[in-house]
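J.: Listed below, chain by chain, are the residues.
2 protein chains.
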Amino acid sequence: MDITVAVDAMGGDHGAHVTVPAALRFLRDNPDVNIVLVGLADALEAELKACKAQLGPRLRIHAATEVVAMDESPQLAMKNKKDSSMRVAINLVKSGEANACVSAGNTGALMATARFVLKTIPGIDRPAIASLMPTMKGQTLMLDLGANVDSTPLQLTQFAIMGSAMFGALKQKDAPTVGLLNVGSEEIKGNEVVKAAAELVRQTRLNFVGNVEGNDIYKGTVDVVACDGFTGNITLKASEGVAQMFSTFLKAEFTRNWFTKLLALAAMPVLKSFKHKLDPRRFNGASFLGLRGIVVKSHGGADEVAFYWALAQAVEEARSSLIQRITDQVQHELRHFESADAIDKSAAEQSV
Amino acid sequence: MDITVAVDAMGGDHGAHVTVPAALRFLRDNPDVNIVLVGLADALEAELKACKAQLGPRLRIHAATEVVAMDESPQLAMKNKKDSSMRVAINLVKSGEANACVSAGNTGALMATARFVLKTIPGIDRPAIASLMPTMKGQTLMLDLGANVDSTPLQLTQFAIMGSAMFGALKQKDAPTVGLLNVGSEEIKGNEVVKAAAELVRQTRLNFVGNVEGNDIYKGTVDVVACDGFTGNITLKASEGVAQMFSTFLKAEFTRNWFTKLLALAAMPVLKSFKHKLDPRRFNGASFLGLRGIVVKSHGGADEVAFYWALAQAVEEARSSLIQRITDQVQHELRHFESADAIDKSAAEQSV
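Chains A and B, in that order, give the protein sequences. Once you know that position 193 of the first sequence is 193 in UniProt numbering, the rest is easy, because the numbers rise by one and skip nothing. Once you know that position 279 of the second sequence is 279 in UniProt numbering, the rest is easy, because the numbers rise by one and skip nothing.
No wet-lab data here; the hints were simulated from the structure. Keep in mind it's a predicted model, so treat the numbers as computed, not measured. Do not take every clue at face value.
It does not matter which identical chain is used: a pair holds within one copy or between any two.
What the hints assert, rightly or not - Simulated crosslink set (DSS-like; lysine-lysine; CA at most 30 Å straight-line):
(1) K277 / K189
(2) K173 / K49
(3) K119 / K261
(4) K261 / K219
(5) K251 / K171
(6) K251 / K219
(7) K119 / K173
(8) K219 / K195
(9) K272 / K137
(10) K94 / K82
(11) K189 / K82
(12) K137 / K189
(13) K275 / K171
(14) K195 / K79
(15) K171 / K195
(16) K137 / K173
(17) K195 / K251
(18) K82 / K119
(19) K137 / K277
(20) K119 / K189
Chain A on its own, in the form it takes in the complex (with noise of 0.2 Å):
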């Protein structure tokens, strides 16, 4: 099946500078894919003559006469820029022209387009975002990283649902692990939400492991790790400020004197496959789950490498029918759920 990706090409922190490259070279390397380039007409014509490249049935512009800034409030973004490039680009997946849409911009109004324009899911309340994070096993879906600052238990069950369907969908995988993000493995940790969170979730008929802690997500312990987006959000921006560290230190040894210098230079091959094996550009592209439609968040700083890689995401979602087998699994889930509200206001009331 061909795939049509709408590129929101004047997102991100160097725009059309690094979509359209990135979008050329994933044409290049995907014959089954079709890319439309949402953005300002003069810029991407000029971006395309720069690339020597040129349009055709499987390269099109959509035009959009406006752009959201990066610190541009959501909220005014989607009241005033209703022709912005963000915006046009989910347009067409709503429309059906596109099988996803990609986007380096503004997180906020990103998420805020999204979901005024494509709707939710029945049975979602909230989407969430979902990444898959490398571990020592292989890789682990982890959700929600940050749409949501407060969430309900029932909320937690509905990412931890929607991540099942996900990690399934994407790597062809029955019943995926799901493990709840807590203080201890044990039932009795957590905090309160958390409790009532493993006690729906039990409810499901997800393959459900109990808590996992910190660490679990990197060994690897389970498929699926959900957990609110607050603690999501940080979990994943210090675990990059190791990563970070680890490699400035590294090099920091590396480069102290000319023969540390020497070292690394032979070294460099065993130095390049690690640097490969955790390059954070092959984990770019966070999903918007919970939306009648794919759209895949890219880093705002992405050069063309991080942002090929989130291209990457939103075609594998397409291809494995994503939408689809979420709404199928809320659906199949939330049936037994017809007293989870009130499951949910009680513990929330337990909370205070």
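Could you slot chain B onto chain A? The hints should help.
T.: Chain B in isolation, oriented as in the chain A frame:
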């Protein structure tokens, strides 16, 4: 001033086999420190004999007839084991016979017992667990790392005050910078508890810089990072997980074949220096803050080197008159907070 440290010599995964040799080495390196080994007399005498060490004015045994197991219920341990090595070591701090105590035992039991025996400092609702973390710039003190799973805005404020006092005492720094861990640096970001906490911390005389994000911990953006124990514990463990994954992958690359092994041998001094810089053993020793006495928790799995560093942490705290510094700063700040309870309650109600 001579410092006397009471050591729960039976605590941890390895008990006296680790605590006794670490204590002996610490005594050799620090001539103005005395150590009281608390535990089963037979076991301690046997270990001392194996180490060819003698008791004397600087090293004595204080017998305790019970040991708290690593997986024992904190409540049951406190109720039933009144002569445990852990409890007796804390009693020595309470009675003034020791200036500090160190245990690698059951964290929950240590916290419950320390709180019961020593009581909290006036103005502090609940103790917090604090630890220095390595950063790109030096060290940052982070708390709470897991003593509290749910924290109110007022408790977060107390953590910020205690952290500031501790960093100031240990690093001889006036007005250390303080940040609240959050999902974004803007004031409008975060969950309701953190937003309300920021309001309160802004009313103190702390050098409060506002919100910091997960990666700021390792950038060393601020001296003190305050957060609730749920987020802190997960962030700490995830960070350890990333560091572990990094080390494992680096090692795997350098042991892939005979050529890379040869390279590793040549690069040994560089790799060793790198490893030393981030050696988690050097950061062993988490402090229970907010009690009327110094209690340092070592990792349960600590080896001799790691336990040595926990002893060093306890001695440094005793030397810098940490408890007095915290008590003074809490009194100083909390004078502004007579109505804090009211603010706190209204914030908690809003967050439902």
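J.: Within a copy, between copies, both or neither: which one fits K219 and K195 at a CA-CA cutoff of 30 Å?
T.: Answer is within; shortest intra-copy Cα gap is 23 Å, inter-copy 33 Å.
J.: For the identical chains here, do K195 and K79 meet the 30 Å Cα criterion within one copy, between copies, both, or neither?
T.: Classified as between: cross-chain Cα gap 26 Å, same-chain 39 Å, threshold 30 Å.
J.: Between copies, within a copy, both or neither: which fits K171 and K195 at Cα up to 30 Å?
T.: This pair counts as within: shortest intra-copy Cα distance 29 Å, inter-copy 39 Å.
J.: For the identical chains here, do K119 and K173 meet the 30 Å Cα criterion within one copy, between copies, both, or neither?
T.: within (28 Å within a copy, 52 Å between copies)
J.: Between copies, within a copy, both or neither: which fits K119 and K261 at Cα up to 30 Å?
T.: neither (54 Å within a copy, 55 Å between copies)
J.: Under a CA distance limit of 30 Å, which applies to K189 and K82: within one copy, between copies, both, or neither?
T.: For K189 and K82, only the inter-copy Cα distance (25 Å) is at most 30 Å; the intra-copy one is 47 Å.
J.: Treating 30 Å as the Cα threshold, decide for K272 and K137: within, between, both or neither.
T.: Both, since 20 Å and 26 Å are each at most 30 Å.
J.: State whether the alpha carbon distance between K275 and K171 is at most 30 Å within one copy, between copies, both, or neither.
T.: Within one copy, since 24 Å is at most 30 Å while 35 Å is not.
J.: Since the copies are identical, ignore which copy is meant and state whether K119 and K189 lie within 30 Å (CA to CA) inside a copy, between copies, both or neither.
T.: Between copies only: 24 Å across chains, 35 Å inside a chain, cut-off 30 Å.
J.: Could you place K137 and K173 in one of the four classes (within, between, both, neither) given a Cα distance threshold of 30 Å?
T.: Close inside one copy (15 Å), not across copies (43 Å); limit 30 Å.
J.: Between K251 and K171, at a C-alpha cutoff of 30 Å, which is it: within one copy, between copies, both, or neither?
T.: between (34 Å within a copy, 28 Å between copies)
J.: Check K82 against K119 for me: Cα-Cα at most 30 Å, and say if that holds within a copy, between copies, both or neither.
T.: within (17 Å within a copy, 60 Å between copies)
When the structure is compared with the earlier hints, violations turn up for hints 1, 2, 3 and 17 and for no others.
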